[in-house]
Every structure is written in C-alpha cells, then in structure tokens.
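Take these sequences, add in the hints, and give me the full structure.
As given, the protein sequences belong to chains A and B, one line each in that order. So for the first sequence, this note's numbering puts the first residue at 1; every next one is plus one. So for the second sequence, this note's numbering puts the first residue at 1; every next one is plus one.
Among the hints, erroneous ones may be present.
[Claimed, not checked] Straight-line C-alpha distance at most 25 angstroms; calculated BS3-like pairs for lysine-lysine:
#: 1; chain 1: B; residue 1: K95; chain 2: A; residue 2: K145
#: 2; chain 1: A; residue 1: K152; chain 2: B; residue 2: K95
#: 3; chain 1: B; residue 1: K95; chain 2: B; residue 2: K170
Derived from the structure by calculation, the hints contain no laboratory data.
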Amino acid sequence: MSELPPPTLATAAVPIEPLTGMLVVDHVSKFFGSVVAVSDVTFAIDEGVTALLGPNGAGKSTLFRMLCGLTPPSRGAVSVLGADPRNDREVRGRISLVPQQDALFDHLSASDFLELAARGHGVVDHAGAAARALHVVDLADVGAKPVGQFSKGMRQRVKVAAALVNDPEVLILDEPLTGLDPVQRRHMIALFHRLGDEGRCVVVSSHVLDEVARIGSRVLVIAQGRLIARGDYRDLRELMDDRAHRIRVGCSDPRRLAAALVERGVAAGVSVDGHQVMVDTLDADAFGRSIADLAVELGVRLTEVHPLDDDLESVFRYLVEGR
Amino acid sequence: MSVVDRPAARRPVAPTAAVALAYGVVLRQLLGRGRIIGLSALALIAPVSGWALGSADASLDDAVNLVAGIGLGLVLPVVALVFAGASIGDLREDKTLVYLWLRPIDRWPVVVGAALAAVTIAAPITIVPVVVAALLTGAGNGIVAGTLVATIVGLVGYVGVFTLFGVWLKRFIVWGLAYILIWEGFIAQAGAGVARVALRKYTRSILVDRTGADLDLADFPLAVGVIVPVVVAVVALAVASWRLGSQDVD
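See the structure below:
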C-alpha cells in the first residue's frame, strides 16, 4: 500500500497513524473458498467524505459488506463506531448502506419503501422522515408511485433516500452514482459533501476516476482485493499526469503528422499504423492543446484523438507495478 | 441543521413491531398472482377427487386414504413449500433481504413474520380444498373434523420446516420436493421407525384418531400427532433465526 505519492509495490499494509476512527478496518481479509476477495486491508477513517476507488471486482463491495456486518471477515477485525457491526444490533441503527444491487421492493411506493426503512430503524415519525428524505433526493413528487416503475436513476435516489431516514452517523454508498444523469450526479455529490460536513462518516465507492475527483479529496484505492494506495485525490491525479501517456490519433496523413509531432517535441515517441498514429507523450495536456492547431497548420484532417491509458486499470497498474 | 432538516428521533423496535414489519413485507412479496393461481389449481385436485370418490359410494378407509394421500401428502406440503420457502428464500435470492437484515432488529421476528405471512396465504389454499374434499367423500363428520385438525397442524409443521429450507438452502424448492416426494413419499413408507421423522405420519395419525379408519403408519395418539409438528415448527424457526443471523447476506 502506498501513501500518495509515490507509488510503491503493494506490500503488507503498515498503518502510519494509529487505528482510530469512526470506521476501522484492521488487517482484514475475506476468502470465498480459494478466492481471495479482500487481502490484508487496513485503514481507519473518520468524519467527512472518503472515496473508495477500484475497478469492478476489486473487492469494494465485499469490503462494504463487511463494514455493514453483512458478511464477517475471514481474518482481521472491522469496527464501526467502536462496535462490531455484525453482532451489535444497536450500531446497525447508526449505519446506513446504499447497496450496489438494483433490487428494491418493487410493489411498494417510494414513500412506503422509505417508511418501511424508517420503521425498521425505530424512527418515531416514520412518515415525516420518509417525506423529508424523498424531498432531499428530489423525488417528493413521485412518492406515491411504485418503485417498480422507476428508472434506474430514480431507483438509485430512492436507495439513497432510504439510507437517510435514520439519520445515520456512518453512510456507506456502493456505486451510488450509477444510472444518474449529470445533473443528478452533481446534486448527489453535493449531498454527500453536506452529509460529511455535518460530521458523518460518508464512504462512497466508484470505479470511475472522474467521479472520484468530485466525490472527495480523500481516496482509498483498492485493486485485486488489496488497498494499494490512499491519500489525497490531487496526488493521485498528479501521479497520472506525471507518467507517460499513449494516445491514438486517427488522421488523413499519419506520417506527416507523426514527423511534425516529434519535430515540435510534443511527442516522446510515435508509431504509425495505417491511418493512425500512436503517440507517447509525457505531457498529455500540452499534446491536447497543440494537436488541433498542428493538424490545421499541416492541412491534416483529424478523425480521432483517443487516450489509450487514461483509465483506472492503467492507474492501478501504475500504482501497483510502477509502470 | 441536518440535511434531512432534523435528526430522526428513534427508539428500539419492539419484537412485535418487527414481526409486523416482516409480515407486511413478505405477505406482499408472496402475493404473486401466478403463484396463487397455479397452486390453487393444484389444490383443486383434492375436492375433485373427493367428489369422484363420493359419487362412487366409497368406504371410510378409501376416503381417508384419499385425504391422506392427495390432501395431506401432496397439496398441503407442496403449497406450504412454495410459500414458506419463498417467504425468506425469495428475499435472499432477489437480494432485498438486506433491507430487513440491516435494521437494528433481532432475527427471530423476521423469521416469525415471514412464516406467519406464508401461513396466511397457504391456509386458504390448503385447508379449504382439503376439508371440502373430505366433505365430498360423504364419509361422515369424523373425517371432516379430522381433516381440519390434521391440515392445520400439518400446515404449521410444514411452514416451519420449509421456512428453514428457504433461509438455508439455495434451491429450496428442489430440496423441498425431494423431502416431500422421496423422503415422505417413499423412504418414510419403509417402516415405522423411519416414518417417525416424516411429518406425514403425524397428520395421518390425527386423521386415523378422529375416524378410526385403517391406515398404515398412522398409529400415534392424537396428542403426539398434534404436539410433535408444532414442536418441529418451533425448532425449525429457531434454527432458521440462528441461521439468518450467521449467514452471509448479499
């Protein structure tokens, strides 16, 4: 695991700070038969928003399930608000989970679904809590409609609303932005920050790097079940920007464009493949700024400019393997 | 000020409230039209058979055999299996169980609420047609009363056992059918010792006790016939509650 920066080889986690916080994961591993879903993960987080970043299958959902007590760790210990969430009934009332799966009680209206959640938490004014939570996610107008008729984005918002009815101290959201349109994403991310600012521990998972940039500055990066980095998102972004990037450029005259790119120092290396130029550059931003002007100057028609490694997998590869 | 305007005042959820919560959720989940129509059609076999037997002026033993075979041996356990198994099994499989499991409530009220919901739906689909079948055989009041008691007791027993199947087993329908058709329908017929671990023996014993008919593997006194299935249901629900609390939930 690395504190960002720099990237290091993944090794056994060695906590830098003492393990105290609203949410503590202490050398936790989870095995399903011979499959290692989570491997020796250690971290502690407190109030505010923390993003858990990782590709699909990295172990994010398994980690979240352990944080909520839905499955026990095979090794290590999980503590939420100082208690074991699997065995402590009281602490479950102070945690909320927005699960990744789309399943809801489709026959219930949104209001009924939220009231059910509120009653399950022993909320005294369950109808009022449900109405307020629906209002927060902009679904007050459709509260009477069965959730089975909702779009994916609306169902996501219903799940978030259901997680708010008990006024939780710890809020765990597994890919909550999936299916939301850009406006709703912004709205939801702002909501997460308001919840974090109120002193709640908000943990949000995502496999989309740009989402994480907006979700929070505190980032935990998980890949192949291991916590490979943690720190500030800006450090992660700098790491990405500092490494060499490969960009595919489709154009009408690839040889001419390739020669000009090298000559102007925009590309560290080029290769031509049919009507495409593969460009290696250390400064993707400068490349992006100059490619269009250069094409116009050369009279070359651009058909495509596509970064090949600006994705999570390449970030993880870089963090884990340094390449 | 909180995002949701004001913090939610909370108090511990009483077990009765938790039972009611689970009951309401599961009841609505089980009220699928297709499932009810299909099982009602299956249950109609019993009164149709009773009417056919009654028309042929059959003996008491024939009537008791019919009720024990089709009513208590087929309709009752199959209907109980589908509803009781699905009561928590469906929530587990469609991944909505998390919305009950994560609440600060004990596990047993969830299981009891689910089992009560299964009984609520299965009761009219089993008790009415099986008792009507007994009535249509024309074999007297004893068989009607015996069938009523045996069906109610059997329903309680089967719902308890199959609720446990739904909590524990992924393919609860397959395992349940194996229990009904292979264990109770075949293996348990081999002798009195094996039959003791089949609910069917107890419901048959109630029927025989109330009618005096001659039926194999049905020699328990009424009290045993009534008490054992109820105890089995209670134990099964207790195990189901423990299992629900200890298993992984998706």
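Verification of the hints:
A threshold of 25 angstroms between alpha carbons decides the hint, and for K95/B with K145/A the separation of about 21 angstroms falls inside it, so the pair holds. Simply put, K152/A and K95/B have alpha-carbon atoms about 16 angstroms apart, close enough for the 25 angstroms limit, and the pair holds. Taken as a hint, the K95/B and K170/B pair is honoured in the structure, with Cα atoms around 13 angstroms apart against an allowance of 25 angstroms.
Checked against the numbered hints above, the structure breaks none of them.
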